[in-house]
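Q: For reference, the chains in residue letters:
Number of protein chains: 2
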Amino acid sequence: MKPKSALAITAVTLAGVVGYLVAASGADESSVPVYVTQIPPGYRDWKVVSVAHEEGNLHSFAIVLGNDVAIKAYREGKLPFPDGSIIAALHYAHVPSDENNKVFGDKQSFVPGPATNVQFEVKDSKKYASTGGWGFGHFNANGKPADAALLKTCFPCHEPAKASDLIYTHYTP
Amino acid sequence: MKPKSALAITAVTLAGVVGYLVAASGADESSVPVYVTQIPPGYRDWKVVSVAHEEGNLHSFAIVLGNDVAIKAYREGKLPFPDGSIIAALHYAHVPSDENNKVFGDKQSFVPGPATNVQFEVKDSKKYASTGGWGFGHFNANGKPADAALLKTCFPCHEPAKASDLIYTHYTP
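Those protein sequence lines, which keep their order, are chains A and B.
When you number the first sequence by the working numbering, it's gap-free, plus one each residue, and the end is 173.
When you number the second sequence by the working numbering, it's gap-free, plus one each residue, and the end is 1173.
Every clue listed holds true.
Here are the computed distance ranges between Cβ atoms for each label pair:
1) A/K107 x B/K1152: 19 to 29 Å
2) B/D1083 x A/V32: 47 to 57 Å
3) B/A1149 x A/S125: 46 to 56 Å
The hints are simulated quantities; they were obtained by calculation from the structure and are not laboratory data.
Beta carbons: idealized from backbone N, C-alpha and C, even for Gly.
I would like the entire structure built from these sequences, with the hints used as guidance.
A: Now the structure itself:
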């Protein structure tokens, strides 16, 4: 029994040391932002966090979805969001619906037009340490990721929302 | 074996006859609309069909969700929707977000305010034969169903959308 047990402890210790070294090496690069470069699979099936409508220069609808980890944290009011949380914002043009307006008899109805982009926030407190633990991603409607110039603007804009772990969207019951 | 098997056939036949009688009796009442009187459980976890924004007298956000049967039909472009499809429209006030406007530096952002009602369309071509196979339900924010006077207005308003099986909301990819 004894040698086996000692081996197990050594393996655990080694894993711990390796983990520490990886983390320490990551710490050296903590000032360089890391962005989300892959679209998380299956996001269109996630549950709804909320929706939004932006005017100004945007004229945009947002459908905000969360993976199960994010939805659970939202529903339990758990802050900060745990690692593994992913929040997706699907953006579309905000366009009038002629079909609905005909039924209402008034120009009052707006629906999502063409998709414009999908944005993601992925929580990984180590990987994305330099941007508050969140990795930011922006993919145009053609699936191409935005360039670094645009991605650099995400974190500064989310930073004021420190009290809600950099997240602006509230859960809509 | 034989008596058992005969019994089984009799039971099945009887069930068939009873089912036929029930359906026939239902047919007599087919001009009396039947409404949805129970909120379908778990609807808040369903996948998103789309969203909408109504102005006019409504100033309303809609989040439209579908159960798995409805979402599958939407994604496959299958019409009419099969029995078992349920579509939910969650309505909220369309209100400005002071929090978001502060970040944008402009009055441009709108989010869901208090919930106003949830509406359901339940497909059951027999039960709801008198209203195009769809049962209509409307529940106020307090969970109370609307009265018959309001529910009577659902079907006539959906009837012009015959080409899309009485459904106005299109699936947003």
